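*Asks:* The primary structure of each chain is shown beneath.
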Amino acid sequence: GAVVSQHPSRVICKSGTSVKIECRSLDFQATTMFWYRQFPKKSLMLMATSNEGSKATYEQGVEKDKFLINHASLTLSTLTVTSAHPEDSSFYICSATKRGPSQSTDTQYFGPGTRLTVL
Amino acid sequence: KQEVTQIPAALSVPEGENLVLNCSFTDSAIYNLQWFRQDPGKGLTSLLLIQSSQREQTSGRLNASLDKSSGRSTLYIAASQPGDSATYLCAVSQWGAGSYQLTFGKGTKLSVIP
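So the protein sequences, as listed, match chains A and B.
Each residue of the first sequence is one higher than the last, beginning at 218 in the working numbering.
Each residue of the second sequence is one higher than the last, beginning at 308 in the working numbering.
Hint data in this document are derived by calculation from the structure and do not stem from the laboratory.
Quick caveat, the model's predicted, so the values are computed rather than measured.
Ideal placement from N, C-alpha and C gives every residue a C-beta, glycine not left out.
There could be a bad hint or two in this list.
Said to hold, decoys possible - Label pairs and their calculated CB-CB ranges: (1) B:Arg362 x A:Gly270: 44 to 50 Å; (2) B:Asn325 x A:Thr334: 47 to 53 Å; (3) A:Glu304 x B:Gln388: 23 to 29 Å.
Said to hold, decoys possible - With a straight-line cut-off of 25 Å between C-alpha atoms, the simulated SDA-like cross-links for lysine to any residue are: (4) A:Lys315 x B:Gln358; (5) B:Lys308 x B:Ser372; (6) A:Lys259 x A:Glu304; (7) B:Lys375 x B:Thr352; (8) A:Lys281 x B:Asn329; (9) A:Lys283 x A:Gly233; (10) A:Lys272 x B:Glu322; (11) A:Lys281 x A:Pro318; (12) A:Lys259 x B:Gly390; (13) B:Lys349 x B:Glu322; (14) B:Lys349 x B:Ala316; (15) B:Lys349 x B:Lys375; (16) A:Lys315 x B:Gln401; (17) B:Lys375 x A:Pro318; (18) A:Lys258 x B:Leu355; (19) A:Lys258 x B:Gln361.
What the hints assert, rightly or not - Stretch by stretch, here's where chain B covers chain A in the computed footprint (C-beta under 8 Å, at least three residues): (20) 254-260; (21) 266-280; (22) 324-330.
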């Protein structure tokens, strides 16, 4: 199997604080991890692509200084929402890529998501 | 820029009916297409993955087809059950930022009424 976990599953914080979300691939090594956010009744929007040992690549419109991503090992990536505000409240989902026989058969496995509520 | 559209946005059917969910995408240069299921407040569960060279994939009561040239895919669910109630997401894979990235549609929310 291929299992991806996220911690915490739910977090409530005050405006101005920072929140760290962890994404772990439990039974495989993931050279690439992705971070998405999902607003109610909206699609998953890719925020950034995280490659182990290098800086994350952020999508247009995503503030890299606000959403800090660290992919320190082949099984762990973290997303830190700095100085969180109510508009950052969302459902954050990570995914990890498990390599297949060729790049075209690489498969993304998704974590269960983290519900962030900023008061 | 790739855009993925899913129709309908919501669907309500009585138990036992067969149904079809639609997905269209604007850029046909894809590597694969996936259908996911998402339960409320949960992550994604992959249902079917169709490689760009394939026309369809089947898993149990689910059948997904892909017409890459016309930018369309359908997910057919046979003999629907209340447990099928969820949001179904379609996503296409393309190369970007050194890896294969997924672009998602907004999903179709399915309600199967007992």
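*Asks:* So, for every hint listed, does it hold in this structure?
*Replies:* Status of each hint after checking the structure:
1. B:Arg362 x A:Gly270: 44 to 50 Å: Distance hint for B:Arg362, A:Gly270 is violated at roughly 39 Å.
2. B:Asn325 x A:Thr334: 47 to 53 Å: Since the Cβ atoms of B:Asn325 and A:Thr334 sit about 39 Å apart, the hinted range of 47 to 53 Å is violated.
3. A:Glu304 x B:Gln388: 23 to 29 Å: violated, 39 Å
4. A:Lys315 x B:Gln358: Given pair A:Lys315, B:Gln358 holds - Cα atoms ~16 Å apart, limit 25 Å.
5. B:Lys308 x B:Ser372: holds, 23 Å
6. A:Lys259 x A:Glu304: holds, 15 Å
7. B:Lys375 x B:Thr352: Holds, at roughly 23 Å.
8. A:Lys281 x B:Asn329: violated, 35 Å
9. A:Lys283 x A:Gly233: holds, 11 Å
10. A:Lys272 x B:Glu322: violated, 49 Å
11. A:Lys281 x A:Pro318: Violated: A:Lys281 and A:Pro318 sit about 33 Å apart, past 25 Å.
12. A:Lys259 x B:Gly390: holds, 22 Å
13. B:Lys349 x B:Glu322: holds, 23 Å
14. B:Lys349 x B:Ala316: holds, 19 Å
15. B:Lys349 x B:Lys375: Distance ~30 Å between B:Lys349 and B:Lys375 Cα, so the pair is violated.
16. A:Lys315 x B:Gln401: Distance ~16 Å between A:Lys315 and B:Gln401 Cα, so the pair holds.
17. B:Lys375 x A:Pro318: The hint holds at about 23 Å.
18. A:Lys258 x B:Leu355: holds, 22 Å
19. A:Lys258 x B:Gln361: violated, 30 Å
20. 254-260: Check passed, 3 qualifying residues.
21. 266-280: holds (count 3)
22. 324-330: The restraint on the segment 324-330 of chain A holds, since 7 of its residues have a Cβ under 8 Å from chain B and three suffice.
Hints 1, 2, 3, 8, 10, 11, 15 and 19, counting from the list given before, are not met by this structure.
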